[in-house]
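Starting from the known structure of chain A, fit chain B onto it as the hints suggest.
2 protein chains.
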Amino acid sequence: MRITAICEQAVRLEGAVANAVVSFRDHTVSLVAVVSDQIRDGRPVAGIGFNSIGRFAQSGILRERLIPRVLDANPDELLDAAGQLDPARIAGVALQNEKPGGHGDRAGAVAALELAVWDLNAKLADLPSGAYIAQRLESTPLANGAPTYAAGGYYYPEDSTARLKDELCSYRDLGYTAFKIKIGGASLAQDLDRIETAIEVAGDPGKVAVDANGRFDFDAAVTYGNALAKYNLRWFEEAGDPLDFALQAELAACYEGALATGENLFSSADSRNLLRYAGLRHDRDVLQMDPGLSYGLTEYLATLAAAETAGFARSQCIPHGGHLINLHIVTGLGLGGCEAYPGVFQPFGGFSSGCALVNGNVTAGDAPGWGLEQKDSLAPLIAELVA
Amino acid sequence: MRITAICEQAVRLEGAVANAVVSFRDHTVSLVAVVSDQIRDGRPVAGIGFNSIGRFAQSGILRERLIPRVLDANPDELLDAAGQLDPARIAGVALQNEKPGGHGDRAGAVAALELAVWDLNAKLADLPSGAYIAQRLESTPLANGAPTYAAGGYYYPEDSTARLKDELCSYRDLGYTAFKIKIGGASLAQDLDRIETAIEVAGDPGKVAVDANGRFDFDAAVTYGNALAKYNLRWFEEAGDPLDFALQAELAACYEGALATGENLFSSADSRNLLRYAGLRHDRDVLQMDPGLSYGLTEYLATLAAAETAGFARSQCIPHGGHLINLHIVTGLGLGGCEAYPGVFQPFGGFSSGCALVNGNVTAGDAPGWGLEQKDSLAPLIAELVA
Chain A
1 MRITAICEQA
11 VRLEGAVANA
21 VVSFRDHTVS
31 LVAVVSDQIR
41 DGRPVAGIGF
51 NSIGRFAQSG
61 ILRERLIPRV
71 LDANPDELLD
81 AAGQLDPARI
91 AGVALQNEKP
101 GGHGDRAGAV
111 AALELAVWDL
121 NAKLADLPSG
131 AYIAQRLEST
141 PLANGAPTYA
151 AGGYYYPEDS
161 TARLKDELCS
171 YRDLGYTAFK
181 IKIGGASLAQ
191 DLDRIETAIE
201 VAGDPGKVAV
211 DANGRFDFDA
221 AVTYGNALAK
231 YNLRWFEEAG
241 DPLDFALQAE
251 LAACYEGALA
261 TGENLFSSAD
271 SRNLLRYAGL
281 RHDRDVLQMD
291 PGLSYGLTEY
301 LATLAAAETA
311 GFARSQCIPH
321 GGHLINLHIV
331 TGLGLGGCEA
341 YPGVFQPFGG
351 FSSGCALVNG
361 NVTAGDAPGW
371 GLEQKDSLAP
381 LIAELVA
Chain B
1 MRITAICEQA
11 VRLEGAVANA
21 VVSFRDHTVS
31 LVAVVSDQIR
41 DGRPVAGIGF
51 NSIGRFAQSG
61 ILRERLIPRV
71 LDANPDELLD
81 AAGQLDPARI
91 AGVALQNEKP
101 GGHGDRAGAV
111 AALELAVWDL
121 NAKLADLPSG
131 AYIAQRLEST
141 PLANGAPTYA
151 AGGYYYPEDS
161 TARLKDELCS
171 YRDLGYTAFK
181 IKIGGASLAQ
191 DLDRIETAIE
201 VAGDPGKVAV
211 DANGRFDFDA
221 AVTYGNALAK
231 YNLRWFEEAG
241 DPLDFALQAE
251 LAACYEGALA
261 TGENLFSSAD
271 SRNLLRYAGL
281 RHDRDVLQMD
291 PGLSYGLTEY
301 LATLAAAETA
311 GFARSQCIPH
321 GGHLINLHIV
331 TGLGLGGCEA
341 YPGVFQPFGG
351 FSSGCALVNG
361 NVTAGDAPGW
371 GLEQKDSLAP
381 LIAELVA
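Protein chains in written order, with the numbering used here: chain A, 1 to 387; chain B, 1 to 387.
Bound-form chain A, shown alone (with noise of 0.2 Å):
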C-alpha cells in the first residue's frame, strides 16, 4: 500500500460571525487528501481529512514542511504491521526534525493529515470512521449517536434576544434539545437576559452552557460565575486565557457548577498540566480538546488517557468543533457528546443528510470513513480536490 499523492486546499469559511473575542469573517479551514494506490470501483480511494474549525488554513506548513517528508519518506516506514497506513507514524515523519514545544498552528496542520488517513483506512474496511475507530481501539462506542448540543448565539451587528431567541427556536425545531450561547461580548446585564432566553428556549438551565472564549480576567470571571450560580447551567465555558491555569483554579475554587476547557490546547503535553494545574474537578467538569485541531486522533488518545489516568470518565469528554469528523470521534470512543453549529461555519460546520438527529442524539450514518463525501457542500470541493 503506498501513497501516491498529498493534496491540500484553503477553504474559506461562510457567514460573519463573532465570538467575545473574534470575527470569523476571514477565518479559513485546510482540506486534505491522502490519494492511495489502491482502487475501489474504478478509482483510487482517498482519504479527508480538515483542521476542524476556529483557527486557519496552514497550506505553509502543510506544503512546505509536513506533505513533502511524507512523500520522501520509505514508504515502508509509514505502514503499521498488517501494512496499512498507520496513522501514528504518518504523523511522525510528518514532524520529523520539529522541535518539541510551541503547539499551534503546526497541530492542525498535523491533525489535517492524520485524520486523512483515517478516513482513508475506514474507508478500505468498508466502515463508518466511528465503527472502525471502536473496532481499532477495542472501545465501546455509544450505542444510540453522540448526545449534540447546537452552539451558537454569537454576536451579530444588528443583535437582541429577539434574534437569539429565533436563532434558538430554530435549532429546536431541527431536533436539539440543548444549547450552548456566546457571553462577554456584551454588558453582564445584556448576557444575563440572553441566558435566560436560552434557558427559556431549552426548557431547562441544565440543557444551556455559556462561552467566554477566554476573555475574561479573574474578576470578571469571578463577577460572572457569582451571577451565574443561580442559574444552574450546564457549564461555564473557557472563563480565561486558555493557558491561565491559575485562574481556572482559582474559579473552581469559588464557582460551584461545572467548568468547561480544553479548545485552546493542542497537545497531551499541554493537556496534562490542565489536569495538573487548573483545579478540574472530576466529577464534574468538561474537557473540550478537540482532534482536529491539536495534531489529530493519535494524539487526543493520549489526552483521553492522560485525563482517564487523572480520574475523569470520557463522558465528561465533549469535544470542540461541531462537524463529521467530531461526530465519528465521539461515538466510536463513547465520549460524552458532540457539539453541532447548524447555523454556521459552512461548508464544514454540521453533519449530513446521512445523519439523524433523534431525541437531541446524532447519528454518524453508514457512509464509510467520515462520510463527509456526503455533505453536500463539502462534496464538490473533495471532487476537486482529488480530480
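Wrong hints could be hidden among the right ones.
The list treats identical chains as interchangeable, and a pair is accepted whether it falls inside one copy or across any two copies.
Under the rule of at most 25 Å between Cα atoms (straight-line distance), these lysine to any residue pairs were calculated in the SDA-like manner [claimed, not checked]:
no.	residue 1	residue 2
1	K230	D217
2	K165	A387
3	K99	S23
4	K230	E250
5	K99	E14
6	K99	A249
7	K99	E64
8	K207	C254
9	K99	G343
No lab work stands behind these hints, which were simulated from the structure alone. Every value quoted in this text rests on a predicted model; they were computed, and no experiment measured them.
Below, chain B without anything else, positioned relative to chain A:
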C-alpha cells in the same frame, strides 16, 4: 508616517548539524522587511527582522494572515502618540481575529514582523537598537557588551571528542571563554567524555553548559543529573519536554546545580506557567525565552516582567538565539548574557564585523538598528528583499 510595503522571504539555513532531537538540514527562517515612507540618503527606510533560529520560516502565516491585516488597517492605528510606528499596536493588528492559546508557529511569524518595526524605529532615531531600546524603555544597558557563550558541540555524522575539542578550541581562538555543548544524542559515557573535553578547553566547569534539547524522560533526566552533579557545570538545559513542568520541578528538587529552560515557550502565558509550576529557583536557574520565537520584544517584556515579579534577576535571563537581534536586546535591557553560534546557522547566526569580542563580551557595534546590513552573509539577502 506610513508603511508602504511588507516583504517576506524564506531563507534556508546553511550547515548540517544536529542536536539530540532534530537535524537542522531543512530549517528555514523568515526574513521580513517593513518599508516606510521615510526617506534617508534618498532611499526609503526599511526595518528588518527575522524569527530567530531553530524553527521554520513562516511564509504562509505572514503572507496569508499577518501582513494583509497590517496593510489593510487604518494606518493611524499603527502609530503611537508621538506618531511613530508602535510595535505593540502592529503586533495587535497582526493578530486580529486570532484566538488565544496555541502559541507556536504564529508566535515566530509575529516576532519577525514586530522586530522589524523595532529596527525601523531605531534606524529613524539613528541609534543602534540596544541604545534605542535602553532609551525608549528606560532600562540600564550593559556597559561593556554582552557576556556571550559559544554554543556548539552538536552531533555530527563522523563524531569524536577530538573533533569536539578542535571545535571548541576554534571558538576559544575567536575569543570566547564560555561554551555550551549538546548531550543526550550519545551514550551517557560518551557524553561525559564530551563534557570533560569541554571542561578541559574552558579550563573551568563553570564556563561549560550542557543542553539535552528536551529529550529525557524523568529517569533519564535524573540519571544525567546525578552524573553531572560532580562537575559543577554552568547549567543543565532543557532536560525534558519543554512543557513538562512536573519533570522540571522534580529535577530541581534533586539536582542542586543550575537548570536552564524556556526557549520552547512562545508566549508570556506559557512562561508564567513555567514560573508558577516548574520549581525553578530564583537564586540560580536560567530563563532562555527568545523574543524572535515568541511574538517579539513587546511580548518578551511581559515575560521579563513576570520573571522579575517571580523574583528572578535580569542577569538570569539569557535568551536562546545567537544573533545580532538578541545581542542588541540583551545589551539594551541589561540581561545576563547572549548566545553565539560561531560555526553554524548561517546566514543568521553570529554577529557582524562591527561587533567586537573582548574578554568573552560582545559589543553590538555602532550601526543603526539591529545592524543586520553589516553582516556580510545577510546584506545581499536584505538588499534583494527591499529592492
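A quick look at each hint next to the structure:
1. Proximity of K230 and D217 under a CA criterion of 25 Å is satisfied intra-copy only: 21 Å inside one chain copy versus 46 Å between copies.
2. In this assembly of identical chains, the alpha carbons of K165 and A387 never lie at most 25 Å apart, being 43 Å within a copy and 57 Å across copies at closest.
3. In the homo-oligomer, the alpha carbons of K99 and S23 lie at most 25 Å apart only across protomers (10 Å), although the nearest pairing inside one protomer, at 31 Å, exceeds that limit.
4. In this assembly of identical chains, K230 and E250 lie within 25 Å of each other by CA distance solely inside one copy; the values are 19 Å within and 42 Å between copies.
5. In the homo-oligomer, the alpha carbons of K99 and E14 lie at most 25 Å apart only across protomers (18 Å), although the nearest pairing inside one protomer, at 35 Å, exceeds that limit.
6. Proximity of K99 and A249 under a CA criterion of 25 Å is satisfied inter-copy only: 21 Å between copies versus 30 Å inside one chain copy.
7. For the identical chains of this complex, K99 and E64 are neighbours both inside a copy (16 Å) and across copies (24 Å), given an alpha-carbon limit of 25 Å.
8. Taking the shortest Cα distances, K207 and C254 sit within 25 Å of each other inside one copy (22 Å), while across copies they are farther apart (49 Å).
9. Only between protomers do K99 and G343 lie at most 25 Å apart by alpha-carbon distance; the minimum there is 21 Å, versus 39 Å within a single protomer.
When the structure is compared with the earlier hints, a violation turns up for hint 2 alone.
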